[in-house]
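*Asks:* What follows is each chain in one-letter form.
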Amino acid sequence: MNIMNVDYDGLIPNNVNLNGDPRVKAALEKWHPGYLDWWNDMGPDGFQESLVYLRTAVSVDPKGWAKFDYVKMPDYKWGILLAPQGEDRKIPFGAHAGEKAWQEVPGEYRAMLRRLIVIQGDTEPASVEQQRFLGKTAPSLYDMRNLFQVNVEEGRHLWAMVYLLQKYFGADGREEAEALLQRRSGDEDTPRMLGAFNEETPDWLSFFMFTFFTDRDGKMQLEALAQSGFDPLSRTTRFMLTEEAHHMFVGETGVGRTIERTCQEMQKAGIDDPYNIEAVRKLGVIDLPTLQKKANLHYSLTLDLFGNEISTNAASAFHAGIKGRYREDKLDDDHKLESSTYPVTRFKDGKIVVEDVPALSALNLRLRDDYVADCQGGVSRWNKVLEKYNIKFQLKLPHVAFHRNIGEFKEVQADVDGNIISGDAWEKKKDEYLPSSNDRDFIESLMKTEVEPGKFASWIAPPKVGIDNKPGDFEYVKIA
Amino acid sequence: MSAPIKQHLIDPAVCIRCNTCEATCPVGAVTHDANNYVVDVTKCNFCMDCVSPCPTGSINHFVKVKTPFSLEEQFSWSDLPEIKEIPDTDGPAISAAEAIDDEAAALLDDAHKGAGGRMKAPASASKPRINLFGRREPAIAKVTGNLKLTGEGASADIHHIILDFGTTSFPVLEGQSIGIVLPGNDENGRPHKMRLFSIASPRDGERPNTNNVSLTVKRVVTKNADGTETRGVASNYVCDLKQGDTVQVAGPFGSTFLMPDDPEADVVMICTGTGSAPFRGFTERRRRSMPSAKGKLYLFFGARTPEELPYFGPLQKVPKTLLDQELVFSRLPYKPKEYVQDRMKRRSADLAALLQKGTTHIYMCGLKGMETGVEEAFASICREHKLDWALIRAKMRDEGRFHVETY
Numbered sequence: 022m023n024i025m026n027v028d029y030d031g032l033i034p035n036n037v038n039l040n041g042d043p044r045v046k047a048a049l050e051k052w053h054p055g056y057l058d059w060w061n062d063m064g065p066d067g068f069q070e071s072l073v074y075l076r077t078a079v080s081v082d083p084k085g086w087a088k089f090d091y092v093k094m095p096d097y098k099w100g101i102l103l104a105p106q107g108e109d110r111k112i113p114f115g116a117h118a119g120e121k122a123w124q125e126v127p128g129e130y131r132a133m134l135r136r137l138i139v140i141q142g143d144t145e146p147a148s149v150e151q152q153r154f155l156g157k158t159a160p161s162l163y164d165m166r167n168l169f170q171v172n173v174e175e176g177r178h179l180w181a182m183v184y185l186l187q188k189y190f191g192a193d194g195r196e197e198a199e200a201l202l203q204r205r206s207g208d209e210d211t212p213r214m215l216g217a218f219n220e221e222t223p224d225w226l227s228f229f230m231f232t233f234f235t236d237r238d239g240k241m242q243l244e245a246l247a248q249s250g251f252d253p254l255s256r257t258t259r260f261m262l263t264e265e266a267h268h269m270f271v272g273e274t275g276v277g278r279t280i281e282r283t284c285q286e287m288q289k290a291g292i293d294d295p296y297n298i299e300a301v302r303k304l305g306v307i308d309l310p311t312l313q314k315k316a317n318l319h320y321s322l323t324l325d326l327f328g329n330e331i332s333t334n335a336a337s338a339f340h341a342g343i344k345g346r347y348r349e350d351k352l353d354d355d356h357k358l359e360s361s362t363y364p365v366t367r368f369k370d371g372k373i374v375v376e377d378v379p380a381l382s383a384l385n386l387r388l389r390d391d392y393v394a395d396c397q398g399g400v401s402r403w404n405k406v407l408e409k410y411n412i413k414f415q416l417k418l419p420h421v422a423f424h425r426n427i428g429e430f431k432e433v434q435a436d437v438d439g440n441i442i443s444g445d446a447w448e449k450k451k452d453e454y455l456p457s458s459n460d461r462d463f464i465e466s467l468m469k470t471e472v473e474p475g476k477f478a479s480w481i482a483p484p485k486v487g488i489d490n491k492p493g494d495f496e497y498v499k500i501a
Numbered sequence: 049m050s051a052p053i054k055q056h057l058i059d060p061a062v063c064i065r066c067n068t069c070e071a072t073c074p075v076g077a078v079t080h081d082a083n084n085y086v087v088d089v090t091k092c093n094f095c096m097d098c099v100s101p102c103p104t105g106s107i108n109h110f111v112k113v114k115t116p117f118s119l120e121e122q123f124s125w126s127d128l129p130e131i132k133e134i135p136d137t138d139g140p141a142i143s144a145a146e147a148i149d150d151e152a153a154a155l156l157d158d159a160h161k162g163a164g165g166r167m168k169a170p171a172s173a174s175k176p177r178i179n180l181f182g183r184r185e186p187a188i189a190k191v192t193g194n195l196k197l198t199g200e201g202a203s204a205d206i207h208h209i210i211l212d213f214g215t216t217s218f219p220v221l222e223g224q225s226i227g228i229v230l231p232g233n234d235e236n237g238r239p240h241k242m243r244l245f246s247i248a249s250p251r252d253g254e255r256p257n258t259n260n261v262s263l264t265v266k267r268v269v270t271k272n273a274d275g276t277e278t279r280g281v282a283s284n285y286v287c288d289l290k291q292g293d294t295v296q297v298a299g300p301f302g303s304t305f306l307m308p309d310d311p312e313a314d315v316v317m318i319c320t321g322t323g324s325a326p327f328r329g330f331t332e333r334r335r336r337s338m339p340s341a342k343g344k345l346y347l348f349f350g351a352r353t354p355e356e357l358p359y360f361g362p363l364q365k366v367p368k369t370l371l372d373q374e375l376v377f378s379r380l381p382y383k384p385k386e387y388v389q390d391r392m393k394r395r396s397a398d399l400a401a402l403l404q405k406g407t408t409h410i411y412m413c414g415l416k417g418m419e420t421g422v423e424e425a426f427a428s429i430c431r432e433h434k435l436d437w438a439l440i441r442a443k444m445r446d447e448g449r450f451h452v453e454t455y
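Residue numbers (our numbering), protein chains in the order written: chain A, 22 to 501; chain B, 49 to 455.
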């Protein structure tokens, strides 16, 4: 069977010849009903019968990459799609660099690989759970469709990880696959594994910030796993990255359109001072300082997902050839990092200092630095919108020491500029940096759904281009 | 004057710099700096691999320029600059590209002349993929069916051919065409010209989720004055294909003669003979995807006799609620000749009402000879109802609601 072609005849669409692998096929078919139950219980609430104009991956070949059509979400073709196997691929980094890439799990790294796959897999259903009530306050059918597209793709990414567990990890893998359906975001007893995935996504601005900041962590992790010497993991994540790009798009343009609407309304009302919050809010748009606070929150929560700056786990995963650096294949060095160093921003003796540490142990931070640069690109493009409307305000990323619960700065409080401040000072200033309950109430008051095709809620501008080149008033969701 | 150059550009105001295009490009034509992702005009071969995976729609800009934009110029942009399009007299402009392949583009340009101006796709049409396979690297399809459609004793020999793409992805939309690349050379030792055929099946195949397309092909045999016959090379090649044969296919081609993806749209389809092919696809698509659509389908279909009308049998089974059919015959014994334009005039009141609706789309497909009669029928219907056909036609064409494909 050709890898480019997707088998839609079976219960589970795939390009991995499931029919030729009865054991894995049976395991996945057994898992499938539980997945559908999870989707129906925890997926988008109230829209399971609606027809949504979705993109479905029908082939991993770019030429037939995706097709658009109306689909009921529970009927979405979740499947197992791996990027084509490279000819004679070599392990690109670490102690085994240059050896043939593994097609089976290398015994000595089995536990490490399983853990990485489970953590990645756990984030996918978590975000669907976090976002399940947002459909009801969608600012337009266009945005509602984008939300659901993100949700079904997160669902597919769960399938991707579960396939690896079922195929390569035997009985443990099956148990882990089951557990992925049992944990629940925010649940006291059985929460999801990572902190940011147990936070609420209460409103659409949070959703856009989440897709911009937190899904971008997902992108960076996938990029690092796409370099893996374990070839099936590399191929799976490479294909997931193409879908992940859509999530980046939803986040960046969602916040960008929010900024644009605020600028338009401020200009119309002749308000120059972005800090005249009361006046701006009266216009039915989100004031820029509140947008900054939302960005501060989601950015800092997401930085925690990268783990400790200095980490022996990350060093072992790299050394083992399991998890590489961002775009490892584009980096020009020995890909072993045994003798080089990397500068790390640390907290020592009450001060923030930069210290060179062995590069192998600083890999979490290195990935985080690449993440920060990627975020900064998007923030700069948001600021271009502000410049276009001649509004004297610029959004910026807070200092990496700000509002942290993991890593070098977890024990201290810092302001957005990276000045260490006392606990008392933090308590007093907190509401200047992070959304207050008052801010959250205001945002919530704007969350009124708009379901007439082509119409948008007061606080957000329409997109520049429709999905699949559709015209502005296209009915992206036919609500049942 | 130097020849105009095709250039692929990315809109920096819409792009989110996700790197998907750069990762996808098989020839390394996409590159980036800290500001923008751009396409190197010296490397891009218009394979279109980057277009479909782009999540933003920023990638879809093709222009024809006298001097291409350099990488440095593109890196400096925050928006696409205003681009002066080269007028049609210099050749078909690529920004409205039907097909990047020059040979296919020329064939389609000719087929669309009857619209009297540049055609646009319906606003709601799905986005077509074009030029995925060229004649140098065609897709290989296998013949899985070849059915003679015309009855015994009919003077025409029309075949329904099913081509299966097996494991190759060949995404099409109803109304698009594919190119059949003939094996061997012509009498002058040059490769045969590519022939375009409209697909007769809907986008998801003869049956839902099959990876095949069907064609409606008439065997061309002309009698010469000296009593000999000239047989059309391509049509005879296709009509003689046997089950299991493989065929080289280029395409898909065509980005305007597409059906509206809108349940409100009324669709008037006028055809003769094998011109019915795209409308078979339209009808089946509507039946599969929006069976209870508010908009109606109208078919004016002409042939000499029922035996020569492709799909005459199956058409009898299509319910009136889905398709309002007018089958018109010009060679029935004991009956006066009747052509599609005559039947259109008999439905004058209905058509006049449709012409005044903003949701009506008109399609004409068949031999070039039908254009004059159909045009005259619309003009006459308009005169009768105090409407201006020239104005209506221009407006509909500009709005992507008037389409002609004749050959």
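Do not take every clue at face value.
Unchecked claim - Only pairs whose alpha carbons sit at most 20 Å apart, straight line, appear in this in silico PhoX-like list of lysine-lysine: (1) B:Lys405 <-> B:Lys344; (2) A:Lys485 <-> B:Lys175; (3) B:Lys175 <-> A:Lys88; (4) A:Lys499 <-> B:Lys266; (5) B:Lys266 <-> B:Lys241.
Hints in this document: simulated from the structure, not taken from any laboratory.
*Asks:* With reference to the structure, classify each hint as holding or not holding.
*Replies:* Hints versus structure:
For the hint pairing B:Lys405 with B:Lys344, the CA-to-CA distance comes to about 12 Å; that is within 20 Å, so the pair holds. Among the hinted pairs, A:Lys485 with B:Lys175 is consistent with the structure: their alpha-carbon atoms are about 17 Å apart, no more than 20 Å. Only pairs whose Cα atoms come within 20 Å are accepted, and B:Lys175 paired with A:Lys88 is accepted, the gap being roughly 10 Å. Taken as a hint, the A:Lys499 and B:Lys266 pair is broken in the structure, with Cα atoms around 42 Å apart against an allowance of 20 Å.
Under the criterion of a C-alpha separation no larger than 20 Å, the hint pairing B:Lys266 with B:Lys241 is consistent with the structure, at around 18 Å.
Hint 4 alone, counting from the list given before, is not met by this structure.
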